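J.: Listed here are the chains, written in short residue letters.
Protein chains: 2
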Amino acid sequence: MPYINVNNDFAGIRGLMAFSPETAEPMGELANALLKETEGLSPAERELIATHVSYLNECFYCHNSHGEIACIYLNGDRELVDNVRKDYQHANISNKLKSLLNIAAKVQQGGKFVTTEDVEAARKQGATDKDIHDTVLIAAAFCMFNRYVDGLGATTPTDLSTYPPRAQQVAERGYGKHIFSGAQPAAQKV
Amino acid sequence: MPYINVNNDFAGIRGLMAFSPETAEPMGELANALLKETEGLSPAERELIATHVSYLNECFYCHNSHGEIACIYLNGDRELVDNVRKDYQHANISNKLKSLLNIAAKVQQGGKFVTTEDVEAARKQGATDKDIHDTVLIAAAFCMFNRYVDGLGATTPTDLSTYPPRAQQVAERGYGKHIFSGAQPAAQKV
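Here the protein sequences line up with chains A and B, keeping their order. One point on numbering: in the working numbering, the residue at position 39 of the first sequence is 39, and numbering is uninterrupted. One point on numbering: in the working numbering, the residue at position 43 of the second sequence is 43, and numbering is uninterrupted.
Wrong hints could be hidden among the right ones.
Identical chains share a label here; the pair holds if one copy fits it or two copies do between them.
Here are the simulated DSBU-like pairs of lysine-lysine, each with C-alpha atoms no more than 30 Å apart in a straight line [stated by the list, open to error]:
no., residue 1, residue 2
1, Lys106, Lys86
2, Lys130, Lys96
3, Lys177, Lys98
4, Lys177, Lys96
5, Lys124, Lys177
6, Lys177, Lys112
What the hints contain is simulated information worked out from the structure, not anything from laboratory work. On a predicted model such as this, the values are computed, not experimentally measured, just so you know.
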């Protein structure tokens, strides 16, 4: 049960977004601009950054939701997603993505934790200005999304089988209004 | 100098937004929805919450920018703004706003720091579901904005006299595109 009466039974951020569509719309548009963008980082890499930051923030709802979306983009490689979530330094990903996850983890602690050396290390692995910009903003945005969900005590399904159907919907349709409006099949009210 | 080449000389978040208009637009719309809204909390109260959270995050650019906007709404009472920024418990504000600033400060630490007791305390002071929702999301959003600014090392003017002209513009026109686009008088390129 969330701390406030959201007047709906959607789980996680969806329940909060349905309560406040005025703020939900730009949040959905920001998520689309950051996570569905294909220039530079791939959607899979973007969702992996979101998953790792959400894991660091201990946001169960978000790291499972975005981990599942990353998993779809990675053809079901859930083991890779789990490795990036918990121990990206030893995961089977590029050195470039590792250097960006290092920056993302610094941002999770606070903006001032990022150093010139962190940025230079990413550049040496081929990261562009846009890659670095997007990494910092994805990490920063998930410090918002995670706090929104947990700060209002949003309903968090513990049954992991409820996450893949929602992830499929987001992978196909993006972070649009469908996330928080309209009737949903009962099985997806999670 | 920011960590990336933003190709403009706007200061603070404006320089980053001009570099990335696709993400800047929804961020501006979210700021408008959260900070210019007049239902429930006043714009002054909203900017005070933003200022306090930015101060806790040690984001010099943001706590001075939003402190100046709050100051305009409060008829120039800079002392009150400074008291809320640094020690709201002893500031001359309502007990309701104090109880909401307590929640905002918990959100700054992390979403899970907010307790049922914090929320109940705010309700006892007259806070509605919308007040609590908006407080949590303003605090969460500034955990994003602050990290975006400092995580990319945005240019931060140290001359405090440069903040009031920008604050006046935002107070009058909101957080629209004018913030990061179009020619600005040289004196406002800060």
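J.: Hints first: check each against the structure and report whether it holds.
T.: How the hints compare with the structure:
For the identical chains of this complex, Lys106 and Lys86 are neighbours both inside a copy (15 Å) and across copies (25 Å), given an alpha-carbon limit of 30 Å. Taking the shortest Cα distances, Lys130 and Lys96 sit within 30 Å of each other inside one copy (13 Å), while across copies they are farther apart (42 Å). Taking the shortest Cα distances, Lys177 and Lys98 never come within 30 Å of each other, neither inside one copy (33 Å) nor across copies (34 Å). Within a single copy, Lys177 and Lys96 get their C-alpha atoms no closer than 33 Å, and across copies no closer than 33 Å, so neither meets the 30 Å cut-off.
In this assembly of identical chains, the alpha carbons of Lys124 and Lys177 never lie at most 30 Å apart, being 39 Å within a copy and 34 Å across copies at closest. With identical chains, the CA atoms of Lys177 and Lys112 are at most 30 Å apart between copies only, with a shortest distance of 27 Å across copies and 34 Å within one.
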